[in-house]
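Each residue of the sequence shown is one higher than the last, beginning at 1 in the working numbering.
Hints are computed from structural coordinates only; laboratory data are not their basis. Since the structure is predicted, the reported quantities are computational estimates derived from the model, not experimental observations. The reader is advised that the hints may include incorrect statements.
To be verified - FRET-style restraints, in silico, Cβ to Cβ:
(1) R98 x L146: 18 to 26 Å
(2) L146 x D192: 12 to 20 Å
(3) G257 x P114: 35 to 43 Å
Even for Gly, the Cβ is constructed at its ideal location relative to N, Cα and C.
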Amino acid sequence: MRGTPAREALDGAITAIAAAGCETPRLDAEVLLAHVLGVSRARLLSDRELCVEGAAVRAFQDAVRRRAVQREPVAYITGSRGFRRLELAVDHRALIPRPETELLVEVALEALAPSARVLDLCTGSGAVALALKDERPDLHVSGSDLSVEALALARANGEHLGLEVRWLQGDLLDGIPDEFDAVIANPPYVADAERSSLAPEILRHEPAGALFAGADGLAVIEALLRQLGERELVAMVALEVGAGQAETVAGLMRKAGFEKVECRRDLSGIERVVMGARGR
Numbered sequence: 001m002r003g004t005p006a007r008e009a010l011d012g013a014i015t016a017i018a019a020a021g022c023e024t025p026r027l028d029a030e031v032l033l034a035h036v037l038g039v040s041r042a043r044l045l046s047d048r049e050l051c052v053e054g055a056a057v058r059a060f061q062d063a064v065r066r067r068a069v070q071r072e073p074v075a076y077i078t079g080s081r082g083f084r085r086l087e088l089a090v091d092h093r094a095l096i097p098r099p100e101t102e103l104l105v106e107v108a109l110e111a112l113a114p115s116a117r118v119l120d121l122c123t124g125s126g127a128v129a130l131a132l133k134d135e136r137p138d139l140h141v142s143g144s145d146l147s148v149e150a151l152a153l154a155r156a157n158g159e160h161l162g163l164e165v166r167w168l169q170g171d172l173l174d175g176i177p178d179e180f181d182a183v184i185a186n187p188p189y190v191a192d193a194e195r196s197s198l199a200p201e202i203l204r205h206e207p208a209g210a211l212f213a214g215a216d217g218l219a220v221i222e223a224l225l226r227q228l229g230e231r232e233l234v235a236m237v238a239l240e241v242g243a244g245q246a247e248t249v250a251g252l253m254r255k256a257g258f259e260k261v262e263c264r265r266d267l268s269g270i271e272r273v274v275m276g277a278r279g280r
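Work out the full structure: start from the sequences and follow the hints.
The structure is reproduced here in structure tokens:
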């Protein structure tokens, strides 16, 4: 007995996901079904003979339920997310890498000197550290995080991709050796008051410790820049920040001794990355 045609299964899933209020129901349904069937989205949409049958029926139903009822992010359901040239394993231990964080990598790649020793602070899944090593093999890259669970995920990603990154556990720079030329970070920067405005996908499923940073969202960045003020070896710092935070963060960088400070906008026009360099 033939199973359900893939197009028919897609239509039902799109309806369920849309009814739940998800922003991209068609894309979500296509990605989930392609994942369950082990095919590309291109084949999913072009192969009229493709059917959902056997164990795939239950697997797809479960994936749609997780997306529509639990509002679980698609990346957590499939267990992977693309970031620049890499395909990373992702799960609830770390934030899902965002497109805007690719700008942080771009800024760092432009600014880092050959063979620089660079630390990706708050590394999470290891996305930034691994992308830097992938695109600049000359760099000596380390990634650090407070979360032991996130570091285990980052280490697994590094081993799977065959990229040599050293992983360190520490609370910001506490416990981290003073040997780096540059510090790159996508730290927590969401203000506590913004909790209610976040999508259920974020609030229910992504780790709160990697998101929230006090009343104004700047508690972690302020603490980090205070520490960097005492680390004169660090010649460059680049931080991802939230909307409306760039000017304040730029001032904090200057106070920490980084004279040359600039802000870079993401594709939405938001000043998303603040970079500072010490004059030498």
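Verification of the hints:
Against the hinted window of 18 to 26 Å, the Cβ-Cβ separation of R98 and L146 comes to about 20 Å, which satisfies the hint. The given range of 12 to 20 Å is respected by L146 and D192, whose C-beta atoms sit roughly 18 Å from each other. As the Cβ distance of G257 to P114 is approximately 24 Å, the hint placing it in 35 to 43 Å is violated.
Violated hint: 3 only; the structure is consistent with all others.
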